[in-house]
Amino acid sequence: MYRVLVVDDDIEILRFCKHALKNESIEVVTEGSSYRVLELIKVHRFNLVILDINLPGTSGIKLLEEIKANSPFHYPILMFTAKRTPKDVQSSIKLGAQDYLVKPLKIDVLQERISVHLESTEDVLSVQLEKPEKIELSLPDDNKVLQGEIIAINEYGLQIMTDFQLPTDTLITVKADFFESLIGVKLQSIKLTSIRCQKINEHQFKIQLSNINILNASMIDQIRVWCKKNYIEMKTVS
Amino acid sequence: MNTKRNINFTTDIQELVPEYIENRLAELKTLLEDFKKGNYPNIEAIANRLKGSAGSYGFEQLGKIAEELETAASQKNHRQTNESLKKLNDYLKQHQNDK
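Residue numbers (our numbering), protein chains in the order written: chain A, 1 to 238; chain B, 1001 to 1099.
These aren't lab readings, by the way, just hints derived from the structure by calculation. Worth double-checking, as some hints may not be accurate.
[Claimed, not checked] As a list, the in silico DSBU-like pairs of lysine-lysine whose alpha-carbon atoms are at most 30 Å apart:
hint: 1; chain 1: A; residue 1: K22; chain 2: B; residue 2: K1036
hint: 2; chain 1: B; residue 1: K1064; chain 2: A; residue 2: K106
hint: 3; chain 1: B; residue 1: K1076; chain 2: A; residue 2: K22
hint: 4; chain 1: B; residue 1: K1029; chain 2: A; residue 2: K18
hint: 5; chain 1: A; residue 1: K18; chain 2: B; residue 2: K1064
hint: 6; chain 1: B; residue 1: K1037; chain 2: A; residue 2: K106
hint: 7; chain 1: B; residue 1: K1093; chain 2: B; residue 2: K1036
hint: 8; chain 1: B; residue 1: K1093; chain 2: A; residue 2: K18
hint: 9; chain 1: B; residue 1: K1076; chain 2: A; residue 2: K87
hint: 10; chain 1: B; residue 1: K1086; chain 2: A; residue 2: K22
hint: 11; chain 1: B; residue 1: K1036; chain 2: A; residue 2: K106
Here chain A stands alone, though its shape is the one from the complex (with noise of 0.2 Å):
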């Protein structure tokens, strides 16, 4: 699965945008200002960018000096540009930029740019445990204790296998332990939130876990040491 980060202050370029790369193999994350795009790309891992020049505040031209500089993986960023100003386009192929996209865009020049772009990136990484490990999640309002198997650990969480289903954007408590025992981090408690839910048959549900506090680039790191450690081989999935 690739993930694309789209920013720009034009709510009608992100529908756009959201639409013409709807693809299985593609999840778009939308952003309409720059303020929150620095704390996405430290903890998120994008395989593309994609920045407007023109943003209000923080301008495209510096939030990409400013990713360039603090996101810990590295991607392709493209420029969207209202013009082919020559000033703005090679400031920003000189900060790092890969390529620029003039608006208005259309969508089989958006499609196959980005394609191009994609095709050239490695996948969001993902870890298949192939020897589930139990967790048990609380739940906040009552003391009941659910219990099932990560089977999956990937960006934007956990992956857990349960015989029980929860509502999307539960709030539950995720006991430690299992992060001590997997990776040898100590964490305190862990909140999760974003939970979705999805039926595999009578008795199992799948449910994938979410929070941004997570994963990050070191603790990827981390996992990645412990499943060679563990002989464990690392997958990338779709």
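Position chain B relative to chain A; hints supplied.
For chain B alone, kept in the frame of chain A given last:
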């Protein structure tokens, strides 16, 4: 870990068009209010955005009208701004039922 794969897109933009036009009609009300108040900077900003998106949704002519409006507003040209807003209004009404 590089994986080469062909990414196939099959989406066209037509299904987004009705909402785009509806949003523009709502935005037109704001533009007309701004015009009454003489708020040319806001008209210019909206026109600039419109110029950047119209062609993406297949409305090249709308993009040209937006460019005219942007220029007129930047010059605080009352007559030209009024004319461009009329053109905008006519264009949007004409395409209101596009599906």
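Okay, the hints, checked on the actual structure:
1. At most 30 Å may separate the alpha-carbon atoms for a hinted pair to count; A/K22 and B/K1036 exceed this at roughly 41 Å.
2. About 16 Å separates the Cα atoms of B/K1064 and A/K106, which keeps this hinted pair within 30 Å; it holds.
3. For a cut-off of 30 Å, the pair hint linking B/K1076 to A/K22 is broken: about 41 Å separates their Cα positions.
4. This hinted pair checks out: B/K1029 and A/K18 have alpha carbons roughly 27 Å apart, not beyond 30 Å.
5. Between A/K18 and B/K1064, the direct Cα distance comes to roughly 25 Å. Compliance with the 30 Å bound is thereby established for this hinted pair.
6. Of the supplied pair hints, the one linking B/K1037 and A/K106 is violated, its CA atoms being roughly 35 Å apart against a limit of 30 Å.
7. Taken as a hint, the B/K1093 and B/K1036 pair is honoured in the structure, with Cα atoms around 21 Å apart against an allowance of 30 Å.
8. Straight-line distance between C-alpha atoms of B/K1093 and A/K18 comes to about 27 Å, which keeps the hinted pair within the 30 Å bound.
9. A C-alpha spacing of about 27 Å is found between B/K1076 and A/K87, which places the hinted pair at or below 30 Å, so the restraint holds.
10. Restraint check for B/K1086 and A/K22: the C-alpha separation of about 36 Å exceeds 30 Å, so the hint is violated.
11. Distance hint between B/K1036 and A/K106 is unfulfilled; the C-alpha atoms sit about 34 Å from each other, more than 30 Å.
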